[in-house]
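*Asks:* Make a model of the complete structure from these sequences and hints.
These protein sequences, in sequence, are chains A and B.
So the first sequence is numbered by the working numbering: it starts at 432 and just counts up by one.
So the second sequence is numbered by the working numbering: it starts at 1158 and just counts up by one.
Simulated from the structure, these hints should not be mistaken for lab results.
No false leads were slipped in.
To be clear about the criterion: a stretch of chain A counts as covered by chain B if any three or more of its residues have a C-beta under 8 Å from a C-beta of chain B, and this derived list gives those stretches:
(1) 436-444
(2) 450-464
(3) 487-494
(4) 510-518
(5) 530-544
(6) 569-580
Quick partial rundown of chain A residues pointing at chain B, CB under 8 Å, derived from the structure:
(7) Val-483
(8) Ser-548
(9) Ala-556
(10) Ser-559
(11) Lys-560
(12) Val-583
We put the beta carbon where it would ideally sit given N, CA and C, even for glycine.
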Amino acid sequence: MDSFAPIPALAGGVLIGLASALLWLGNGRIAGISGIFGQLLPPARTVIWRLVFLVALVLGTLAASWLLPGLGVGGPGGQPAQLAAPPPGWGIPAPLWIAVSGLLIGFGTKIGNGCTSGHGVCGIARLSKRSFVAVGVFFSVAILTVAITGIV
Amino acid sequence: MAAQIRLPYLATAALSGLLFGAGLYISQMVDPLKVLRFLDFGAIPTGGWDPSLAFVIVPAIVVMFIAVRIGRRRQAPLFDTRFNEPEFHHIDAPLVGGAVLFGIGWGMSGICPGPAISLIAFWPPDLLVFLVALFAGSYAGALIIPSGRDKRLALAR
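*Replies:* Quick look at the structure:
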């Protein structure tokens, strides 16, 4: 509970909403990161703006960590970022655990047409029936996965 | 197509990416361990639960909801000829199956695709392994589910 800070959470959420709103009203595009990322692959016809968005995403993260240091992980005043370790006692090497996680996320968001941003933010905001189902499923399964693995 | 290489279009994509990345850092959703502490509902009774993710996604949805309402009163976005709104509405097996697989992967690491990219800014150990796997998984999915509006629509019919 010590890490919960409602004001940065709300402010960050508003920024993510503004980013999505801007991409929608400016370019008519859904700010779904798995889609923007996944369609960099052939036969993508719209590679340039996707690359621009993704590079800017990294730079925005970096710039914010310099302007507002010490909010948590990352940047000059923050703790070093780290990935989750495999469940204790399962005897699984960390890179293997992370690789399986990445494969499932890449494959699942591709065939399911979206992730936390595309379905979770944009889809719910569009009142998309598909997104309501996807969000309900992936949140429930993720919560269940954490409960089963005891990873936290 | 041509609209998508013009400066205003690319500048909008850049500004959106900057805001999105800043939002992920400020909200600390860039921290996979913080996301996992949200997904750990077992910690609710003991007071160890971190509700941050809900405090992030709700205002994001509210802002986007208003933008969608504004968009519905317009013929086209500012810098392109049409809104690229998904046109398939069926709840099908790939949607549900994909969400299940994504949910398992997300629960294993606490990393969803947005933070995965923004974490490049801080480059934690093993991130490269994750990104290569993410890319490979997405490519494998593309072999099963055709990418692009026309093919996807044909499949939905």
